[in-house]
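These are the residues of each chain, in order.
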Amino acid sequence: MRSLYHSSRKQEKLTESITMSSEPKDSTKTPAEQSAAAVIENKRSPADFLKAVLGRPVNVRLNTGTDYRGVLACLDGYMNIAMEQTEEYVDGQLKSKYGDCFIRGNNVLYISSPTR
Amino acid sequence: MEEPLDLIKLSLSERVYIKCRNSRELRGTLHAYDQHLNMVLSQVEETITSVEEDEETGEEIVSKRTRNVGMLFVRGDIVVLVSPPLRTS
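Sequence order for the protein chains is A and B.
So the first sequence is residues 1 to 116, counted in UniProt numbering.
So the second sequence is residues 1 to 89, counted in UniProt numbering.
Next comes chain A alone, as it looks inside the complex (with noise of 0.2 Å):
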């Protein structure tokens, strides 16, 4: 328990002094490197982009190439989904509506959300 609490002390510290570095330009460093550290710095991960889209509507694309469009309610770590107000759209065509629905994860190919 001491030691995980230490551990994630260092991880701070190692945190801060990556963005304390990357603040001034630093010369010897490559772009690659450069990228890198503004990601560390920005920390976004595709989980910050699910918690954006909760309560968005948003469009759900199946392995089967089927299109769920609603608003999406809740998801999980499997990537089942909860959506509201589900139109499903096969070949583009509007096919049924669904007040609320549960998608099982596996069948997802991704999310996306309209541009606004």
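Keep in mind the hints are simulated off the structure, nothing from the lab.
Hints are supplied without guarantee of correctness; some may be wrong.
What the hints assert, rightly or not - Distance ranges between label pairs, derived from CB positions:
#, chain 1, residue 1, chain 2, residue 2, range
1, A, GLY55, B, ASP54, 45 to 51 Å
2, A, GLY105, B, ARG24, 17 to 23 Å
3, B, SER23, A, GLU84, 30 to 36 Å
4, B, VAL69, A, TYR110, 31 to 37 Å
5, A, ALA47, B, ILE48, 37 to 43 Å
6, B, GLU56, A, ALA47, 51 to 57 Å
7, A, SER113, B, SER23, 27 to 33 Å
8, B, SER23, A, GLY99, 52 to 58 Å
9, B, GLY76, A, LYS95, 21 to 27 Å
10, B, GLU55, A, GLU84, 43 to 49 Å
Note that CB positions come from ideal geometry on N, CA and C, so glycine has one too.
Position chain B against the provided structure of chain A, taking the given hints into account.
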């Protein structure tokens, strides 16, 4: 609702619509489910949709067959979508 499976929990002992692989659809009363989405349904109507092509005209013939089952255990891995009946809440 905190996780998607809560939607299924809310549908226990209600009629549900299940879309499966191989263009099969099930409508039945949900009695039990687990994290894999294995499910036990009763009073089930299974609809199997198949598309055949007419050899002469090349037209697509969509045929639907339905059958009724009293009690059914569904293996979770074939499930694509589950939808509870429309609620007015």
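> Can you give the numbers of the hints that this structure goes against, from lowest to highest?
Replying inline: Violated hints (numbers, rising): 3 and 8; every other hint is consistent with the structure.
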